[in-house]
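**Q** Top to bottom, those sequences are chains X and R. For the first sequence, position 411 matches number 411 in my numbering, and the numbering has no gaps at all. For the second sequence, position 188 matches number 188 in my numbering, and the numbering has no gaps at all.
Mixed in with the good hints there might be a few duds.
[What the hints assert, rightly or not] Lysine-lysine pairs mimicking DSSO-like chemistry, simulated, CA-CA at most 27 Å apart: (1) K45(R) x K465(X); (2) K466(X) x K197(R); (3) K466(X) x K269(X).
Just so you know, the hints here were simulated from the structure itself, not pulled from any lab data.
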Amino acid sequence: MGSEINRRNLVKRSAALGLVALPSAGLLSACASSGGDDNSSSNSSSATPTATSADNPLGVDPAKPLDVLIFKGGFGDDYAKRFEGLYSKKYPNAKVSHNATQNITGLLQPRLNGGTPPDVVDDSGNAQIKLDVLQKAGQLTDLTPLLDAPSLDDPSKKVRDTLMPGTVELGTIGGQFVTLQYVYTVFGLWYSNKLFKQHGWTAPKTWADFISLGGEIKKAGISPFAHQGKYPYYINVAIVDLAVKHGGIDWLTRLDNADETVWDDDAAKQAINAIYEIVSKNYLLPGTNGMTHIESQTAWNQYKAAFIPCGAWLENEQLKATPSDFEMTFMPMPSLPGDKLPFEAIRGGANEPFIVPKKAANVAGGLEFMRYMLSKSGATAFAQSANSLSVLKDGIGPDVQLRPGTKSTVTALTAAGTNVFNPTYLQAFSSLDVDMGNASSELMANRIKPDEWLKRTKAATVKAKKNA
Amino acid sequence: MRNSKYPFIVGFLIVPVGLYALLVLWPYIQTFGYSFTNWSGESQKFDIIGFKNYTTLFSDDVFRKALWHNVLLLIFLPVITILLALFFAFLLNVGGRGGTGGVTGVRGSAFYRVVFFFPQVLSVAILAVLFEAVYRSDSAGLLNGVLVKLGLEDKNNPIEWLNDPNLVLWCILAILVWSGVGFYLVLFSAAMQSIPKDIYEAALLDGAGRGQTFFKVTMPLLWDSIQTAWVYLAIAAMDAFALVSSLTPGVAYGGGPDYHSEVLSTYLMRNFLYSGKSGYACAMGVVILFLTLILSIVTLRVTRRERIEF
């Protein structure tokens, strides 16, 4: 029986094989940061480049698949599916894959490190990977070719010339235009026009009016002010906006450069004292400091509070909770005495950063996808599915019906004219927002006073500058 | 044949050990490596910076605060959970005093066992949603609602449980205890059932009350299980990530208000993913690894006692 296969030997041999093979395979594949090779700056050019033409200015390979990763937050992800539809119509042979998540970091980080990122990413939400971090790590494609490509609606115009002012500046990090901040948002206070009409209140233009109206609102048994206390981002924006309107654009420029002396200025002092007045006068919705954005905004929808600070995504986010006769209305932050900017001035600008990772397999496809986003059909699709405006100038035809809140932001934006500002420190100094947020939570809970807030925020600015 | 025994054993072990090495040991080794770099976490570029991350760590106030919070959890979580679990297990198994004179649990113990185990079945995600409603900061929350209804609290001045620097950590601890007791109750119950009834009967005949039976009979005979529970709970106390990051306020991964609920794992995650300081976060990971390791060894050493055979 010598020729019979000896089972035990077989097991032993395969085991010996495994002994050699397994660990080395592990060593090769497991290292988290060994995925790509650092010297090749971009994969897009390494493949055979498709010739560019008038019809295809970015040189898209029509058969190459396109991989899209979308943050599914306040805007949902239906709009992205419509963009993908536009892309597929033009390139029917390209397989478009759609991924949507609330946790961008969780899906994106491993793929970045592995060297196989998606082609277009909406890097947004609470779990976004910070853009300054990505740019420093050299993970972002320069989107300038997109700006210089002809617009889909009017080939005689460049995409660059169809954008709202400030889009390019805001998307520029470290001297390169690397992010398309697609959604045009304004930030301010929101109220229910129905509630105000019912009580005969008028929206205040100055902080003094705001405070005295607050007294009346309180008498009516309603809390004057709610905010999204669990996430101090919102109240930070309100504080900074008050200060910018008082100190003017110069003050904002200094803040964007992390000049810590801005917090010694009268602008900062007045702004933080004004916000603190809400606390000291007991104008806050009970419990609002501990509420999530949804909890507080829903309480506001239930007429438990009169004002809430938020960006223009509020309407879409609260679509289901808003009563049909609510008449959601936007207003700029009220003026402080001695403001340099008029009442109409608002924080407005693009957000929702779309990026094309540098190591994406289909960089040209990613850029082309953005070109479709920046067409009239793209902007309309976005306005209809996400109830918000995009950075495409006059992107929505008169036939598109807008909801009351969105309509009121359009009115406010027209009234603001050129008095629109948009801080960039959030992108450049992400640690400042974290530290300022902690101080703001303490202030809103009346555990620290304005002086202490200023001191802490100043220290945080110094720290942010040092780490930058 | 004796000599070829080892290749045979190795043949069976190679896959599990290989997977363990690949998925557990290798990441540990990598973390060590990264802890000496300024890796941002978003690319393959980094420089070796030696022990700088570690020196920064020891002067980092937030890190020390987080460490202190873990130490607090480490003290209270095992003690409270084990005591409660022991107490309930005792009542469910031998606490009853039926008229028959036998050793039984309290009436309805089978029902209670299911009820107590129930929280263990819930996933952390559900716990977070559940307790968000329990601790909600206005009178729509369960706790505040009850307090308001009972007239113990002003509706316009509710307790903001998770936004109160003095309460937030204890709120988290309460969830950990609530969800953990059931499991250890079952663990201790199983151990108790293997204790011969004769011992209890003997104790009863000698006139021992419930308290004496518990401390003089049950506890010593359960020591092995308690020791195991202690190690598990200590490791859970070093973590607490999911609850803190989903329930407490703060910009990324909770930890608020103002770091009052920060634990090592949330601080690590914020540095790793949000602030682009992954190298620094890896250094934290290494420190946490050693702390957990030391803790497990110390716990096992300190609680080592002579085993009672039965």
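**Q** Hinted pair, alpha-carbon criterion (27 Å max): K466(X), K197(R). Please report holds or violated.
**A** violated (69 Å)
**Q** Need the status of pair K45(R), K465(X): alpha-carbon distance at most 27 Å?
**A** holds (22 Å)
**Q** Quick one, are K466(X) and K269(X) close enough, alpha carbons at most 27 Å?
**A** Given pair K466(X), K269(X) holds - Cα atoms ~24 Å apart, limit 27 Å.
Checked against the numbered hints given earlier, the structure breaks only hint 2 and satisfies all the rest.
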